[in-house]
Amino acid sequence: MKKLQQCSVLALTLGAACPAFAADFSFDRPGSGIGTGITPIGQLAWEQGLPSANYEESTVNGVQQKTTTLNADMLLRTGIAHNLELQLGWQGPSWSQVKQAGKTVDEDGLGDVSIGLKSAIDLNDENLTMAVLLEAVLATGNDGFTAEDDIYALATAVSYKQSDLVDTSITMRYEVQNGDWAVTAIPTIGYKLSDKWSGFSEFVYRKAESQDYEYSLGSGVIYALNDRTQFDASVGVVLSGADKSYQSGLGVSYLF
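What the sequence shown shows, in mature numbering (1 follows the signal peptide of the UniProt record, and there is no 0), is residues -22 to -1, 1 to 234, in sequence order.
Take the hints with a grain of salt, since some may be wrong.
Taking lysine-lysine pairs in the DSBU-like style, the calculated list, with each CA pair at most 30 Å apart, reads [said to hold, decoys possible]:
{"id": "1", "residue 1": "Lys139", "residue 2": "Lys174"}
{"id": "2", "residue 1": "Lys222", "residue 2": "Lys185"}
{"id": "3", "residue 1": "Lys81", "residue 2": "Lys222"}
{"id": "4", "residue 1": "Lys44", "residue 2": "Lys81"}
{"id": "5", "residue 1": "Lys185", "residue 2": "Lys44"}
{"id": "6", "residue 1": "Lys139", "residue 2": "Lys185"}
{"id": "7", "residue 1": "Lys77", "residue 2": "Lys222"}
{"id": "8", "residue 1": "Lys170", "residue 2": "Lys139"}
{"id": "9", "residue 1": "Lys77", "residue 2": "Lys44"}
{"id": "10", "residue 1": "Lys222", "residue 2": "Lys44"}
FYI, nobody ran anything at the bench for these hints, they're computed from the structure. Note that the coordinates shown come from a computational prediction; the quantities given were computed from them, not determined experimentally.
Build out the structure end to end from the sequences listed, making use of the hints.
This is how it looks when you write it as structure tokens:
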């Protein structure tokens, strides 16, 4: 679910968005994949979870365990060159609650940070767009809220505009952590519901080295207040494994 973004925030100018670019730019929230839009040079996109949530029911040593996690993940994006943006992300402040055998344990802490570069690839097709993201997730978070080891990833996204109402895309993510590789494929369909409302549905498939296959479904809606501001809500369910796991998220995004 998404982690990187921009360092040179203090150097940005908060000018008005270029009208000619409004049709090309897109926020990366919500969803597990990445978009193909690039932030204009000298502008800042702020994408904030309000928060993201995860609920899981599992069995540990024959005893049922229920875990709820909340985190206010944040993503900053700024254009640094033509078709190139810098990203800085933070999993944000996090809180978890574990219930097992009549006992409840609450914990809180800070999540990992990430940094990345995303570039748009010109395919000379007005309906077909592509972007490539290089990302490093730095395991700087507190115990229980960190990936423990740094993650280095390469992600590609290809999007095709089927019509004014429907577009399809697929994100492929390849990552390595402590010498172990993993690949994730995220096909997505987006659909326009009205002038301000749109929705999406996605399938997430992941295979990590020496791990079982993982797959899940997600869907959500987006409300575009204007060219600069959007609100989103999404839900998801993990379909693999014996445990029950659900995700949800609320978010807001703004282009300065």
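Status of each hint after checking the structure:
Distance restraint check for Lys139 and Lys174: the Cα-Cα separation of roughly 18 Å lies within the 30 Å cut-off, and the hinted pair is therefore satisfied. The suggested pairing of Lys222 with Lys185 holds, with an alpha-carbon distance near 19 Å, which does not exceed 30 Å. Between Lys81 and Lys222, the direct Cα distance comes to roughly 20 Å. Compliance with the 30 Å bound is thereby established for this hinted pair. Proximity of Lys44 to Lys81 is assessed by CA-CA distance (about 11 Å); at most 30 Å being required, the pair is judged to hold.
Annotation: proposed proximity of Lys185 to Lys44 holds, straight-line Cα distance about 25 Å (limit 30 Å). The hinted pair formed by Lys139 and Lys185 meets the criterion: a straight-line CA distance of about 28 Å does not exceed 30 Å. For a cut-off of 30 Å, the pair hint linking Lys77 to Lys222 stands: about 15 Å separates their Cα positions. Using a Cα cut-off of 30 Å, the hinted pair Lys170 and Lys139 holds, with the two alpha carbons roughly 12 Å apart.
A threshold of 30 Å between alpha carbons decides the hint, and for Lys77 with Lys44 the separation of about 5 Å falls inside it, so the pair holds. For a cut-off of 30 Å, the pair hint linking Lys222 to Lys44 stands: about 9 Å separates their Cα positions.
The structure shown violates none of the earlier numbered hints.
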